[in-house]
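Visitor: Based on the hints, put chain L in the right spot on chain Y.
Protein chains: 2
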Amino acid sequence: MSYGFALKGDICFSDGPASLKTLPGGYIVCLDGLCAGAWERLPERYAGLPLLDYSGKLVIPGLADLHTHAPQYAFRGAGMDLELLEWLDAHVFPEESKYSDLGYADRAYTIFADALRRGPNTRACVFATVHAPATMLLMDKLEASGLVTFVGKVNMDRNGPYPLREESAAKSAEDTVRWAEECLNRRYRNTRPILTPRFIPSCSDELMRLLKEIQARYGLPLQSHLSENQSECDWVSELCPGSATYGDAYASFGLFGGGVPTVMAHCVQSGDREIALMKRNGVYVAHCPQSNTNLVSGIAPARKFLKNGLKAGLGSDVAGGCHTSIFRAMSDAIQASKLYWRLVDQGCRPLSIEEAFYLGTVGGGSFFGKAGAFEEGFEFDAVIIDESGTPSPSPLGMKERLARAIYLSSDCGVIAKFVRGSKIL
Amino acid sequence: MSYGFALKGDICFSDGPASLKTLPGGYIVCLDGLCAGAWERLPERYAGLPLLDYSGKLVIPGLADLHTHAPQYAFRGAGMDLELLEWLDAHVFPEESKYSDLGYADRAYTIFADALRRGPNTRACVFATVHAPATMLLMDKLEASGLVTFVGKVNMDRNGPYPLREESAAKSAEDTVRWAEECLNRRYRNTRPILTPRFIPSCSDELMRLLKEIQARYGLPLQSHLSENQSECDWVSELCPGSATYGDAYASFGLFGGGVPTVMAHCVQSGDREIALMKRNGVYVAHCPQSNTNLVSGIAPARKFLKNGLKAGLGSDVAGGCHTSIFRAMSDAIQASKLYWRLVDQGCRPLSIEEAFYLGTVGGGSFFGKAGAFEEGFEFDAVIIDESGTPSPSPLGMKERLARAIYLSSDCGVIAKFVRGSKIL
Chain Y
1 MSYGFALKGD
11 ICFSDGPASL
21 KTLPGGYIVC
31 LDGLCAGAWE
41 RLPERYAGLP
51 LLDYSGKLVI
61 PGLADLHTHA
71 PQYAFRGAGM
81 DLELLEWLDA
91 HVFPEESKYS
101 DLGYADRAYT
111 IFADALRRGP
121 NTRACVFATV
131 HAPATMLLMD
141 KLEASGLVTF
151 VGKVNMDRNG
161 PYPLREESAA
171 KSAEDTVRWA
181 EECLNRRYRN
191 TRPILTPRFI
201 PSCSDELMRL
211 LKEIQARYGL
221 PLQSHLSENQ
231 SECDWVSELC
241 PGSATYGDAY
251 ASFGLFGGGV
261 PTVMAHCVQS
271 GDREIALMKR
281 NGVYVAHCPQ
291 SNTNLVSGIA
301 PARKFLKNGL
311 KAGLGSDVAG
321 GCHTSIFRAM
331 SDAIQASKLY
341 WRLVDQGCRP
351 LSIEEAFYLG
361 TVGGGSFFGK
371 AGAFEEGFEF
381 DAVIIDESGT
391 PSPSPLGMKE
401 RLARAIYLSS
411 DCGVIAKFVR
421 GSKIL
Chain L
426 MSYGFALKGD
436 ICFSDGPASL
446 KTLPGGYIVC
456 LDGLCAGAWE
466 RLPERYAGLP
476 LLDYSGKLVI
486 PGLADLHTHA
496 PQYAFRGAGM
506 DLELLEWLDA
516 HVFPEESKYS
526 DLGYADRAYT
536 IFADALRRGP
546 NTRACVFATV
556 HAPATMLLMD
566 KLEASGLVTF
576 VGKVNMDRNG
586 PYPLREESAA
596 KSAEDTVRWA
606 EECLNRRYRN
616 TRPILTPRFI
626 PSCSDELMRL
636 LKEIQARYGL
646 PLQSHLSENQ
656 SECDWVSELC
666 PGSATYGDAY
676 ASFGLFGGGV
686 PTVMAHCVQS
696 GDREIALMKR
706 NGVYVAHCPQ
716 SNTNLVSGIA
726 PARKFLKNGL
736 KAGLGSDVAG
746 GCHTSIFRAM
756 SDAIQASKLY
766 WRLVDQGCRP
776 LSIEEAFYLG
786 TVGGGSFFGK
796 AGAFEEGFEF
806 DAVIIDESGT
816 PSPSPLGMKE
826 RLARAIYLSS
836 DCGVIAKFVR
846 GSKIL
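Line order of the protein sequences matches chains Y and L.
Under the working numbering, think of the first position of the first sequence as 1, with each following residue one higher.
Under the working numbering, think of the first position of the second sequence as 426, with each following residue one higher.
Chain Y on its own, in the form it takes in the complex (with noise of 0.2 Å):
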């Protein structure tokens, strides 16, 4: 029998998107680091399997964060007083060219790196800074944590300051090629690069039609912003007045989907005809719904994105959101489509418990293949959680214990956490 082991627990993941499957004092099988199931009975021919004991506790598929910046993990939570444009000159530019020295990248990334292992994440989509240098530091470390990341060096040429913004659309694609190449001389095991233009004001024509030649030549995925905040929007207006949408500016450069994963984070501002072609070419959204408020970019309608059947997930948005934990996205994702249904539009419905589980989990986690569920032939993530920081006078059901962990998150702590079969924590 190859590689293997039995997990006993109150195991919990989703079975479809508005679903949960539970399975209290239930079982998961990893085989080779791939999930061989779970039941209320551990089959027979498993039975010679080691068994990791977590009776009583909650057991969970791993986390998906599909939109995080790994440098702005410095400042979260302080400067949440501006919009977006304004915040990125005032905070976010300021910090991210402190990553041009490798000693302050590397304090910065190590906190970030260790937070993220100690959470219930299991994989994340990470954008890091325009430095190579630096971005190569980050992926050792979190190659080292043994998460499953995607991870990109940051492209802009244009509307940034300097030295932050690249000093040419040729400067800034050598490089990226650079940094691609070194990337498969590292043969990481769960790290891997991720095309990843800031967003359109940020990158000239010229540098777009550069990374698309990149991403063929790679075969690399694509990471970028979308729809974020109305001012946003209004400047790529000016900047691309041949594109019907925002959408439509990335698409004009072969640049949004359509048989590449592709993830935009956001879409605040997204109309139908957006949420179309992203429907059309397959394009993942990574619904932030904390760093929308805190930029007072508004509330994505998350139940469009839902009812039109697009690719979605959730992202933590750090820093413009605070907290790396899919959990509170997964509560911040429910408030904010109930202000959205109580203030916007009453023909969406709030986010239920379970919908919000699904994002957070299967529905992000399929960026990365087979991952956020406990079904046969999925990557054998679990995440054991404590919940003795949320004791009850009365037995609490499967559901309110999840209900709970994505509520309280705070005081639910993290005991162990596997990632394609592997104990990180």
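Treat the hints with caution; some may be incorrect.
To be verified - No more than 35 Å apart at the CA atoms, straight line, and that leaves these computed lysine-lysine pairs for DSBU-like:
id, chain 1, residue 1, chain 2, residue 2
1, L, K824, Y, K98
2, Y, K21, Y, K370
3, Y, K98, L, K704
4, L, K523, Y, K8
5, Y, K21, L, K795
6, L, K637, Y, K98
7, Y, K423, Y, K57
8, Y, K399, Y, K21
9, L, K523, Y, K57
10, Y, K21, Y, K423
11, Y, K399, L, K795
12, L, K446, L, K523
13, L, K446, L, K824
14, L, K637, L, K596
15, L, K482, Y, K98
16, L, K704, L, K446
17, Y, K304, L, K729
18, Y, K212, Y, K21
19, L, K637, L, K523
To be verified - Rough simulated footprint, nothing fancy, chain L against chain Y, three-plus residues with beta-carbon under 8 Å:
id, segment
20, 69-77
21, 250-263
Stated by the list, open to error - Selected chain L positions facing chain Y (in silico; Cβ < 8 Å):
id, residue
22, K446
23, G450
24, E638
25, S819
26, P820
27, R829
28, L833
Note that these hints are calculated values from the structure, not bench results.
Built from N, CA and C at the ideal position, the CB exists for glycine as well.
Guide: Leaving out everything else, chain L in the frame of chain Y:
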């Protein structure tokens, strides 16, 4: 010299509704439970006092929770998929019914009091249930915790399920008198009774008249709910056709401030007329942003409360809200105010960090007397914050550290807490 001590640390408190006083490496002095002042350097006259050295730690006044339900702590974070009136029937009333059992109340209130003691709040206005014996048990536990609280036995003689609903106005009043007498007998130091009609729909006119008499006889302050949810407001209009506003319904019984300390939770639907009446009568708003989101009530116009000079503080409203910490209520209040500005009224600019901190400290603290700031003559409530859970790669200013304590409260532990000069943690 009387009993006292000096405390050194990175001190931060509100010295106005929109301003912060910060004294890194500063001193506060406690004499006989009162604050003697705050200084950059310790005045010579206090040089002989024992010094508690919290150098490098953030030191803030205790936070005040103007609205929480002790019995609902048991189910916080679960059952957040309903609006107010349905939620009361489905979750609140069944849970509160359990408190006729003193064994259950003992288990549940032990958990609640312990959680409150460990967090950053030092003062709270607390709803218990209709059950006087369980309410006394709660008061004993809160007194033992060292926290300063107003605690109310709830009154409700209509529109609730038996046996939770009291059998008559007379019986409800009789139990309330007995409870008030018992509170006097126990000679608590920090725990005081507060009159607590649940809300207009729960209390008959006869009961309200009897409560007014009890209030006059025992000099009791009052806490209740006001204009939380639209269906609730419609119901109050039906029940009290003679009252122009919900607030007028309380006022018609003489139970809406005007010389008697009175705090009303929510005020989400309050219009200009109700706000003017609150101002005139000195009624406090307990602004409970998370609860208003969770129960899909909407967003309270916090900016209007401030603009109109209402007395106002923050409430956790456990379990409409899930989190006891008023740090969380501060960040929720800022976030809600941003969405209010974006989606409802661009004339109401978002709350600042300074304003949210003011509301959560001296704003709400003033309901308890002189509390919530390190001013001379204020009661000495101080909280020492451990920031080791939020490491930073570069040094942070005092306002940034305060902002992080507010936004990242879950990662900022309380390592020591003083109430009225006594160290309770």
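Visitor: In ascending order, which of the hints set out earlier in this document are inconsistent with the structure?
Guide: Those not satisfied are hints 3, 5, 6, 11, 12, 18, 21, 22, 23, 24, 26.
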